[in-house]
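My request is simple: use the sequences and hints to build the entire structure.
Numbering follows full-length UniProt numbering, in which position 1 of the sequence shown is assigned residue number 1; successive positions increment by one, without gaps.
These are calculated hints, taken from the structure and not from any lab test. Using N, Cα and C, we set each Cβ at its ideal position, and we do this for glycine too. Honestly, I wouldn't trust all of these hints.
[Said to hold, decoys possible] Lysine to aspartate or glutamate pairs mimicking EDC-like chemistry, simulated, CA-CA at most 20 Å apart:
id : residue 1 : residue 2
1  : Lys-334   : Asp-356
2  : Lys-278   : Asp-311
3  : Lys-83    : Glu-375
4  : Lys-396   : Glu-434
5  : Lys-288   : Asp-272
6  : Lys-448   : Asp-177
7  : Lys-448   : Asp-437
[As the list claims (entries may be wrong)] FRET-style restraints, in silico, Cβ to Cβ:
id : residue 1 : residue 2 : range
8  : Ser-254   : Tyr-385   : 49 to 59 Å
9  : Pro-158   : Leu-369   : 53 to 63 Å
10 : Arg-384   : Tyr-100   : 21 to 31 Å
11 : Thr-159   : Cys-57    : 54 to 64 Å
12 : Asn-189   : Pro-158   : 33 to 43 Å
13 : Arg-384   : Glu-239   : 37 to 47 Å
14 : Tyr-385   : Glu-239   : 18 to 28 Å
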Amino acid sequence: MRRRSLFPQVVIDRDTESEESSSEEEEEANVVLPEEERVQKGKTPITITLKKVCKVCKKSGHEAGFRGATYIDCPMKPCFLCKMPGHTTVTCPHRVATEYGMVPAPHKNTTNPLEFVFQRQLHPRLPPIKPAYVIPDQVHCAVIRYHSRRVTCLEFHPTNNNILLSGDKKGQLGIWDFGKVYEKTVYGNIHNCILNNMKFNLTNDGSIYAASSDGTISCTDLETGISLSLMNLNPNGWEGPSCWRMLYGLDVNSDRSVVLVADNFGYLYMADIRSNNKMSKPTLIHKKGTKVVGLNCNPLQQDLLLSCGNDHFARIWDMRRLEAGSSLYNLEHKRVVSSAYFSPLSGSKILTTSLDNRIRVWDSIFGNLDYPSREIVHSHDFNRYLTAFRAEWDAKDSSESLVVIGRYISENYDGAALHPIDFINISTGQLVAEVMDPNITTISSVNKLHPREDILASGSSRSLFIWRPKKLDIALPREEKRMVLCGEVSKKRNKKHGDESDDDSENDIFRSKDNSLKQKKLASKSSSYKSRRS
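Structure representation (structure tokens):
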């Protein structure tokens, strides 16, 4: 006797545009059950829908996500790039031209007829006073998987042009001489968790100060690796998330010989460089309970301090009368402010990066600060475990108009999804250059321009890359262009990584290189075969 089914009938509702099922699935789906088994008391058929729905809004009729190497937005949501409704990222006018809707830096107007004649007739014949931008657009050398976790900050040595320092999520401090490529050191016993920021003291370039999420400030000797703790905000260890203090923003005020740091509760601390002790009481400089992620002293007047944080504000302070609520000006943003910097030469401009996909520029700190001079739409809002994107000045640019920042949204380059590094002219909003390498498929969120040479350092996942201009790179000997593989990368190249990574993997880098090597081998074999036949 045939046993009666204990489950209701399952009806599969297929989408007409979806892929056809296999023959076995068709046979199983088309089985017709007897009437007595198909209609059972108290049991209704269960319908399984295989129609395609959007992953974002869960509605049918459209899709969102990657299509090949291009990301497609959900049309029911605002544009992911400019955050405005009515279009998607693919058709966003700001993606076509970064200067869209931009008001350039104002020109000095005059009614002088001589100057009018000069501008119209004589000026076009004269060479520009400002030199052309030199863009480092080719990878010169690299260290793959240099750090055990993602890179969080970079800093060039103030006197040695070939020394690059880097910090990572694990609290390690790396020192790399990229002039000799293979000379590298990692100090892993300085901090217990994320190294968020580091700065040199210009009066002593043999040591560096660092702030970490373990609540300590360290002063590390670069030669010996011996670290001295200037401040520890968690002397009793872990006492719960409501008490644990983490340090983020950091800068060094050489005029006052103090190290400035800020924590995740909105407070500013000062430590004396000479005595290595904490000074006075902390000062509340941002909304209580919010993270202060950036500090920057004005290069010409170091009593002026610029801070930014998670309370959607960048604030200007006078350190001569520093107290809660005494900020000189509050620069409001729509979302979290990732970074805020004075211009490196004159100190008269302000550059901020916010998670609303805006780079904001104030042309003069002595002018009207109610509204920014320009807002540049750029893709740096992210939803992954990444180091926050920060627009950085080019200290060599006398016009103080060139900045560099990584891009979050990938672009389709010959079928590969790459994340370029953008060079932007903040005076006009124009994209000066976008640099990328087909072997770097991870996101370069940390970028730093050399203060004296035409070099760009980028931190992508756990790796470091040094970029130089092509015209300079061609003149270098071929054997000097090297890539160093650290750790057990070479052993794990063909294995699936099941480690503790919290960001993008470098597997794609090696995969593309392996494919190119295989193609070269096949080409050489075919050419030798043809020569033997002839």
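Comparing the hints with the structure gives:
This hinted pair checks out: Lys-334 and Asp-356 have alpha carbons roughly 7 Å apart, not beyond 20 Å. For the given pair, Lys-278 sits about 26 Å from Asp-311 by alpha-carbon distance, which is inconsistent with the 20 Å threshold. For a cut-off of 20 Å, the pair hint linking Lys-83 to Glu-375 stands: about 13 Å separates their Cα positions. For the suggested pair Lys-396 and Glu-434, the alpha carbons sit about 19 Å apart, so the restraint of at most 20 Å is met.
Distance restraint check for Lys-288 and Asp-272: the Cα-Cα separation of roughly 25 Å exceeds the 20 Å cut-off, and the hinted pair is therefore not satisfied. Proximity of Lys-448 to Asp-177 is assessed by CA-CA distance (about 16 Å); at most 20 Å being required, the pair is judged to hold. With a CA separation close to 17 Å, the supplied pair Lys-448 and Asp-437 stays within the 20 Å bound. Remark: the range hint 49 to 59 Å for Ser-254 to Tyr-385 is contradicted by a beta-carbon distance near 35 Å.
Look at Pro-158 against Leu-369: about 31 Å separates their beta carbons, and that is not inside 53 to 63 Å. Restraint check, Arg-384 to Tyr-100: a C-beta distance of roughly 27 Å satisfies the suggested window 21 to 31 Å. In this structure the supplied range 54 to 64 Å holds for Thr-159 paired with Cys-57, their Cβ-Cβ distance being about 55 Å. A beta carbon spacing of about 25 Å between Asn-189 and Pro-158 contradicts the range 33 to 43 Å that was offered as a hint.
Taking the beta carbon of each, Arg-384 and Glu-239 are about 30 Å apart, not inside 37 to 47 Å as hinted. Take Tyr-385 and Glu-239: their Cβ atoms lie about 26 Å apart, and the range 18 to 28 Å holds.
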